[in-house]
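Residue numbers (the numbering used here), protein chains in the order written: chain A, 95 to 383; chain B, 107 to 385.
To be clear, the hints were calculated from the coordinates, so they are not data collected in a lab. Some hints could be false.
[What the hints assert, rightly or not] In silico lysine to aspartate or glutamate, EDC-like type, Cα no more than 20 Å apart, as pairs:
{"hint": "1", "chain 1": "B", "residue 1": "291", "chain 2": "A", "residue 2": "339"}
{"hint": "2", "chain 1": "A", "residue 1": "275", "chain 2": "B", "residue 2": "379"}
{"hint": "3", "chain 1": "B", "residue 1": "359", "chain 2": "A", "residue 2": "339"}
{"hint": "4", "chain 1": "A", "residue 1": "378", "chain 2": "B", "residue 2": "379"}
{"hint": "5", "chain 1": "A", "residue 1": "272", "chain 2": "B", "residue 2": "326"}
{"hint": "6", "chain 1": "A", "residue 1": "376", "chain 2": "A", "residue 2": "358"}
[As the list claims (entries may be wrong)] Cβ pair distances, simulated, as ranges:
{"hint": "7", "chain 1": "A", "residue 1": "339", "chain 2": "B", "residue 2": "339", "range": "24 to 34 Å"}
{"hint": "8", "chain 1": "A", "residue 1": "111", "chain 2": "B", "residue 2": "112", "range": "56 to 66 Å"}
{"hint": "9", "chain 1": "A", "residue 1": "119", "chain 2": "B", "residue 2": "249", "range": "26 to 36 Å"}
{"hint": "10", "chain 1": "A", "residue 1": "283", "chain 2": "B", "residue 2": "331", "range": "33 to 43 Å"}
Keep in mind that this is a model prediction, so the values were computed, not measured. Glycine included, every Cβ here is placed at the ideal spot set by N, Cα and C.
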Amino acid sequence: MSIQVKNLKHIYEKGMPTESVAIEGISFEVGDGEFLGIIGHTGSGKSTLLQHLNGLLKPDEGTIVIGGVDITAPGVSMVDIRKRIGLVFQYPEYQLFEETVAKDVAFGPKNLGLGEEETEERVKEAIELVGLDYDDIKDRSPFELSGGQKRRVAIAGVVAMRPEVLILDEPTAGLDPKAHKDVLNMIEEVHRRTGNITVLVSHNMADIAKLSDKVLVIDSGHMVTMGTPKEVFSKREELSRVGLDLPPITNLTEELRQRGMDIEQTILSVDDAARQIAEYLKDKGHNKC
Amino acid sequence: MDSIIRIENLIFEYQRDETEKPVRALKDINLEIKRGSFTAVLGKNGSGKSTLAKNLNGLLLPTGGTIYVNGYDTKDEEHIWDVRQSAGMVFQNPDNQLVSAIVEDDVAFGPENLGIEPAEIRRRVDKALNDVNMGAFKGKAPHLLSGGQKQRIAIAGVVAMKPSCIIFDEPTAMLDPKGRNEIMKIIQELHAEGITVVLITHFMEEAACADRVIIMHNGEVFLDGTPEEVFSQGEKVRSVNLDVPLAVELAAKLREEGIDIPANIIGTEEMVEYLCQYK
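Use the sequences and the hints to build the structure in full.
Here is the structure:
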């Protein structure tokens, strides 16, 4: 299972005086079981790109091949595509609507035409995968849950369809620090346990650096760069030109480097930073500052 | 010193439905907010921070105890508009706060309701829009603006009422990093102009801009002090499921590695300065 996007272009309101090119010349590949992070400014075309990946939008040019099937080809079954590619929108909890958590999560699998037993099994599996207690929560109203729990139930609704590709558009926006951490761990856990391809769009550079195998940077509808977090976040100037920051810890360590501290370039975690700074200071004989 | 808000033994309870026992969201809170100060209120969801904010301008009324805003008791119906005019409020989602189809009409909504002269409204609207750097957008439709721009319009609507104090309830939670920076800059400017700011937030970097940080937990004040005093207690802050600023996190890890870092270092720049002494 892999994704190949080739030369993707999408024009909004084509042929109208207000026509605008949303994305153009986007090409990249995601390998089996990889975790792709996408970063870019608001309005850079991130969401337009995501909507192509599960067939909500059709490109004006280019192709998207997922698991050997060109999903942009005419006559391709959209039901099949959406079975395999799950998209979690921003603020997905706004889409909760059922009386109970179990019914809400079951909505997707039921629409796939699965039997009652299979549906229940998947609902149970999905609710547990997102870190909630099935027996405790299944009969509760989704509307009486906390913000973080609602978000997880909404994501469970997509996970229950067992998508081979899970796409999440800013899944932690607006959550408190604890819920943020919980949802992030949950995404990591689902990825690890199901071996799916995960595509994460986020403004939080620390999260992107921590989770992604590859990072795709887009600006004004164009690809700026793509590479491992280490490669991408080593391009400080290039990112800054398109209005993106480094992860906060990388910013701090780069500042230290610029001021002459001899530590590794592009440090992406606080643990790494602490280890390297401590080593450097001890070498200089400052273990007792 | 002069307090603009005085909270005495505040208790707030609510009932989900009649058969249930009331839930005590705020338990005997005593606080004073000094005129002209900048206070950040932190706490995880359900800690009572938003309930506290809504009590500060009479959107919610205390079950027990009293809140004085500019000397007016928020329970005093006769002065509720004095309370609301003294303490304006900006919420999380700008889409829920904009009422008009034209930006300047929206900003004029508040002053109009105060019964102010049209010429004075004009002046206030122009000034408020300039304060939030949105003067050029006064004839535009709010729904065509970005989230950060909409939130600036919502702030202008409050500023036009000339409040002495503005309570911001997670004003940047739904914005991207650029929008967040814009709003924080404006909050700092309003504070510099003399407006008392109460900022409820989940972002520790925003809290570090304040001159006082209050952490709420289970309906009570858990920590209260300068950002240095509060954030230097990293373990305590984490114990109530909050993050600490990056420098505090790094300092804790450096100490584990045997490097001594003073507790009062809570900002990234200070941390860089401190470490660079030893290079």
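Here is what the structure says about each hint:
| no. | hint | result |
| --- | --- | --- |
| 1 | 291(B) / 339(A) | holds (17 Å) |
| 2 | 275(A) / 379(B) | violated (30 Å) |
| 3 | 359(B) / 339(A) | violated (23 Å) |
| 4 | 378(A) / 379(B) | holds (17 Å) |
| 5 | 272(A) / 326(B) | holds (19 Å) |
| 6 | 376(A) / 358(A) | holds (16 Å) |
| 7 | 339(A) / 339(B): 24 to 34 Å | holds (28 Å) |
| 8 | 111(A) / 112(B): 56 to 66 Å | holds (59 Å) |
| 9 | 119(A) / 249(B): 26 to 36 Å | holds (31 Å) |
| 10 | 283(A) / 331(B): 33 to 43 Å | holds (37 Å) |
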